[in-house]
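Asks: Take the given structure of chain A and dock chain B to it, following the hints.
There are 2 protein chains.
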Amino acid sequence: MVLKSNFADRLICEIDKKQNPSVVGLDSNFAKIPQFIKDDFEGSYEDKLKSASMAVYEFNKKIIDSIYDIVPCVKLQIAYYEELGGYGLEAYKKTSDYAKSRGMLVIADAKRNDIGTTCKAYSNAFLGETEIFGMKKKIFDVDCLTVNGYLGFEGVEPFINDCQTFSKGIFILVKTSNKGSEEFQCVDTVTPYGKNYMLMGNLVKKWGEPLTGSSGYSSVGAVVGATFPEEAHNLRAAMPTSIFLVPGYGAQGGTADDTLPCFNKDGLGAIVNSSRKIIFAFQGKNDDRNFQTYVRQAALDMKNDLISALKKGKICRWK
Amino acid sequence: MVLKSNFADRLICEIDKKQNPSVVGLDSNFAKIPQFIKDDFEGSYEDKLKSASMAVYEFNKKIIDSIYDIVPCVKLQIAYYEELGGYGLEAYKKTSDYAKSRGMLVIADAKRNDIGTTCKAYSNAFLGETEIFGMKKKIFDVDCLTVNGYLGFEGVEPFINDCQTFSKGIFILVKTSNKGSEEFQCVDTVTPYGKNYMLMGNLVKKWGEPLTGSSGYSSVGAVVGATFPEEAHNLRAAMPTSIFLVPGYGAQGGTADDTLPCFNKDGLGAIVNSSRKIIFAFQGKNDDRNFQTYVRQAALDMKNDLISALKKGKICRWK
Numbered sequence: 130m131v132l133k134s135n136f137a138d139r140l141i142c143e144i145d146k147k148q149n150p151s152v153v154g155l156d157s158n159f160a161k162i163p164q165f166i167k168d169d170f171e172g173s174y175e176d177k178l179k180s181a182s183m184a185v186y187e188f189n190k191k192i193i194d195s196i197y198d199i200v201p202c203v204k205l206q207i208a209y210y211e212e213l214g215g216y217g218l219e220a221y222k223k224t225s226d227y228a229k230s231r232g233m234l235v236i237a238d239a240k241r242n243d244i245g246t247t248c249k250a251y252s253n254a255f256l257g258e259t260e261i262f263g264m265k266k267k268i269f270d271v272d273c274l275t276v277n278g279y280l281g282f283e284g285v286e287p288f289i290n291d292c293q294t295f296s297k298g299i300f301i302l303v304k305t306s307n308k309g310s311e312e313f314q315c316v317d318t319v320t321p322y323g324k325n326y327m328l329m330g331n332l333v334k335k336w337g338e339p340l341t342g343s344s345g346y347s348s349v350g351a352v353v354g355a356t357f358p359e360e361a362h363n364l365r366a367a368m369p370t371s372i373f374l375v376p377g378y379g380a381q382g383g384t385a386d387d388t389l390p391c392f393n394k395d396g397l398g399a400i401v402n403s404s405r406k407i408i409f410a411f412q413g414k415n416d417d418r419n420f421q422t423y424v425r426q427a428a429l430d431m432k433n434d435l436i437s438a439l440k441k442g443k444i445c446r447w448k
Numbered sequence: 130m131v132l133k134s135n136f137a138d139r140l141i142c143e144i145d146k147k148q149n150p151s152v153v154g155l156d157s158n159f160a161k162i163p164q165f166i167k168d169d170f171e172g173s174y175e176d177k178l179k180s181a182s183m184a185v186y187e188f189n190k191k192i193i194d195s196i197y198d199i200v201p202c203v204k205l206q207i208a209y210y211e212e213l214g215g216y217g218l219e220a221y222k223k224t225s226d227y228a229k230s231r232g233m234l235v236i237a238d239a240k241r242n243d244i245g246t247t248c249k250a251y252s253n254a255f256l257g258e259t260e261i262f263g264m265k266k267k268i269f270d271v272d273c274l275t276v277n278g279y280l281g282f283e284g285v286e287p288f289i290n291d292c293q294t295f296s297k298g299i300f301i302l303v304k305t306s307n308k309g310s311e312e313f314q315c316v317d318t319v320t321p322y323g324k325n326y327m328l329m330g331n332l333v334k335k336w337g338e339p340l341t342g343s344s345g346y347s348s349v350g351a352v353v354g355a356t357f358p359e360e361a362h363n364l365r366a367a368m369p370t371s372i373f374l375v376p377g378y379g380a381q382g383g384t385a386d387d388t389l390p391c392f393n394k395d396g397l398g399a400i401v402n403s404s405r406k407i408i409f410a411f412q413g414k415n416d417d418r419n420f421q422t423y424v425r426q427a428a429l430d431m432k433n434d435l436i437s438a439l440k441k442g443k444i445c446r447w448k
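Top line first, the protein sequences correspond to chains A and B.
Numbering of the first sequence is given in my numbering, commencing with residue 130 and proceeding in unit increments.
Numbering of the second sequence is given in my numbering, commencing with residue 130 and proceeding in unit increments.
Rather than coming from a laboratory, the hints here were simulated on the basis of the structure.
Fair warning: there could be bad hints in the mix.
The list makes no distinction among identical chains, and a pair is therefore deemed to hold if it is satisfied within one copy or across any two copies.
Unchecked claim - Derived pair list, reagent style EDC-like, types lysine to aspartate or glutamate, alpha-carbon separation capped at 20 Å:
no. : residue 1 : residue 2
1   : Lys223    : Asp176
2   : Lys266    : Glu171
3   : Lys406    : Glu286
4   : Lys191    : Asp417
5   : Lys147    : Asp194
6   : Lys443    : Asp145
7   : Lys443    : Asp416
8   : Lys308    : Glu283
9   : Lys179    : Glu260
10  : Lys222    : Asp176
11  : Lys308    : Glu286
12  : Lys267    : Glu171
13  : Lys167    : Glu312
14  : Lys335    : Glu312
15  : Lys266    : Asp430
16  : Lys179    : Glu311
17  : Lys265    : Glu175
18  : Lys265    : Asp168
19  : Lys267    : Glu175
20  : Lys179    : Glu258
21  : Lys190    : Asp417
22  : Lys266    : Asp176
23  : Lys267    : Asp176
This is chain A alone, in the form it adopts within the complex (with noise of 0.2 Å):
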C-alpha cells in the first residue's frame, strides 16, 4: 500500500517527459460544455442532475484524450462539480481515474482546510483512504490537493502525513491570482518576513522540508499566482525547494513572461496552471463538433508559449 516515491519527483518526471510545465484545469462548468453534448445526455437518466453529471464526464474524457500525451497534469475545479451534488462528486471521481489512466497526474484543487480529526476525514476524502466495515476505500485518490493554510500547522499535518504515507502532494494557497487578494495576502507584518503572503511562503517552506524528493523539490508546494511577478520573486528567492502552482495565465490575463519569476534557474519549480482558455478554446468558433482540435491546439499553444519564454529568459532545459 504504502508508495516510496515522492510527489515532486514523480511530478518533475512527468513535465521533463512531455517537456511541458503546464497544468489544464476541467474546470468544466456544465453550462460552458457543447451543445451536443448537453443534448446527448439530457433524459438520459432520470435525475436530470446525473444526466448533466455524466454529460460533464463525457466533455472531461473528451478534453483528456485531446491533450494527454502533451500535458503532464490536469486540475481538477471541484466547486464545478459540487454545484451537481453527489452526482457531480461521481463524475469527479471518474474524470480523476480516466485522467490517471491515460498517465496524467490530477491535482484536485479544492482549497481544503480544517483542524484534527475533521482535517483527517479531508486527507482520507482525497489523499488517502477511508475505513468502512473493515475495508479501505479510496475515495478520490488523486495524486495532489490545493489546501488552505489560515488554520496553521494543525490545518496541514494531517495532508502531510498522508502524502508521506501515500506519495501524495498538497499545494498551499500563498498569493492568490486575484486583483483583491492584495487587502490580507499583501498586509505588512511584524516579522522578519514582511507582508502575509511571504509569512505564509515561509511557513509551507518549513512545512515542506520533510517532504523534500531526491529532486530537490518537495511534496509540499504553493499556489502562486502568474498576476503579481513581483511577488512571486519575492517567494521564489525564500522557497527555492517549493514547486509553485501558478493560477492566473490565459484567462486572468497572466503572460508567459509573467510567469517566469516562478521558475528556478533549473527551469524547474513551476507548473503553470490554464482552464478556460483551454477547455472552452471551441467557443465561438460554431465547429462544436470538433471543440477536440480546438482544445489540443490551445494546449499546444500555451506549451510552445511558456517554452519561448523560459528559452527568452535563459532557463529552458529541453533543447
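Replies: Using the frame of chain A, we list chain B on its own:
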C-alpha cells in the same frame, strides 16, 4: 423564489424560541456511530460506501429526532461525508433536508474559498441554485455556510450576493479554536487593527454591513473559538453586529465561561457549537441502543451550562 427575510434575524428568532444559543455539530464519523446501526446497514446496498453513507444518515436522523425541539441549529461538517464519496454527499443532503423538516437551521461547515465563477459555483452548491437543462436545481440548500476569507473580498462576494438573494448566511473564519491558530492568525500587522485575526475580523465586519437585519445583526458572521477568550473579547468589541459561531466548547476544552466574551450585553451575538461531546455522548456507556437518551441529555446539559454562565454574567435574555 426570493425570500425577503434575513438569515441573522431568522437565527435569532430560533435561538429565542428555544432559549438556547447552541449548535450541535453532526461530525458523524462513520467509525464512531453505534455498532448496531452499522450492522443493520452492512450489506444493504451493493456499494459498501452507499451502505456506510445510509448508516450515517440513519444515525443523523435519530440525533436530530433527539434534539430538534431544544436546539436551534445543526452544523454539518462536510469532511465526514466527503470521505464517503458521492453517496456521502447524498447523505449530507438528506440530513440537511431532514433537519430543516424538523424546524432546525442548517449550517454547512465546509470552509469553502475560491474566486470569481468558481466561488459562484460553490455558492450555487450550498446557498443558491444550479441551472441545468433549462431548470434551476437546489443542491445542498443549507441555511448558512462557513467560508475561509484568505483570498479577500473576491472570495466572499459571490456568497454574499446569494445570501441576499436566497436569505442565507455565512460565517467567515476569523480566530479558529486550535492552539496552532496563533502561528498565522496572531501575527502582528502594521495596520491599526493589530494582529491578523483582528484584521480579518474588521474585514468581515465591513463585508457584512450591507446584510444587517432588523435585529441589528448581520448575516455575515465570524468563526471565533471559545479557546481564546481574550481574543474573543477583542473581536466582540470590534465587531458588535457580527454573530460569532463559536467552536472549541466541550471536547476541545473551552468552558461555558470561556464563551461569554463572544456574547454581547444583549445576550445575543454568539452560537456555541459542540459536536463529539453531544453526538457521541453514548460512548463508554455500554448501552448503544439507547444512544438517543444520552445525546438528548448531553444537549440539555450544554444548554443549561451556557444559560448558567450567561446568568452569572448577567447577560441572559431569558427568565
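Asks: Pop the pair Lys265 and Glu175 into one bin, within, between, both or neither, using alpha-carbon distances up to 20 Å.
Replies: Result: close only across copies, 16 Å inter versus 31 Å intra.
Asks: When Cα atoms must be at most 20 Å apart, do Lys179 and Glu260 count as within-copy, between-copy, both, or neither?
Replies: Between copies only: 13 Å across, 27 Å inside.
Asks: From the Cα coordinates, with 20 Å as the cut-off, is the pair Lys167 and Glu312 best called within, between, both, or neither?
Replies: neither (40 Å within a copy, 48 Å between copies)
Asks: Pop the pair Lys443 and Asp416 into one bin, within, between, both or neither, using alpha-carbon distances up to 20 Å.
Replies: neither (39 Å within a copy, 71 Å between copies)
Asks: Given a CA cutoff of 20 Å, do Lys335 and Glu312 count as a within-copy pair, a between-copy pair, both, or neither?
Replies: Close across copies (12 Å), not inside one copy (25 Å); limit 20 Å.
Asks: With identical chains, the pair Lys179 and Glu311 could be close in the same copy or across copies; at 20 Å between alpha carbons, which is it: within, between, both, or neither?
Replies: The answer is neither: 39 Å in one copy and 43 Å across copies each exceed 20 Å.
Asks: At most 20 Å between C-alpha atoms: does Lys147 with Asp194 qualify within a copy, between copies, both, or neither?
Replies: within (15 Å within a copy, 57 Å between copies)
Asks: How do Lys308 and Glu286 come out at 20 Å by Cα distance, when the copy is not named: within, between, both, or neither?
Replies: So Lys308 and Glu286 pass the 20 Å test across copies only (14 Å; inside, 29 Å).
Asks: Up to 20 Å between alpha-carbons, please classify Lys179 paired with Glu258: within, between, both or neither.
Replies: between (25 Å within a copy, 16 Å between copies)
Asks: When no copy is named, should Lys223 and Asp176 be tagged within, between, both, or neither for a Cα gap of at most 20 Å?
Replies: both (18 Å within a copy, 16 Å between copies)
Asks: Check Lys191 against Asp417 for me: Cα-Cα at most 20 Å, and say if that holds within a copy, between copies, both or neither.
Replies: Cα proximity of Lys191 and Asp417: one copy only (12 Å, versus 50 Å across).
Asks: Could you figure out if Lys266 and Asp176 sit no more than 20 Å apart (CA to CA) within one copy, between two copies, both or neither?
Replies: Answer is between: at 11 Å across copies they meet the 20 Å cutoff, but 26 Å inside does not.
Consistency with the previously given hints fails for numbers 3, 7, 13, 15, 16, ordered from lowest to highest.
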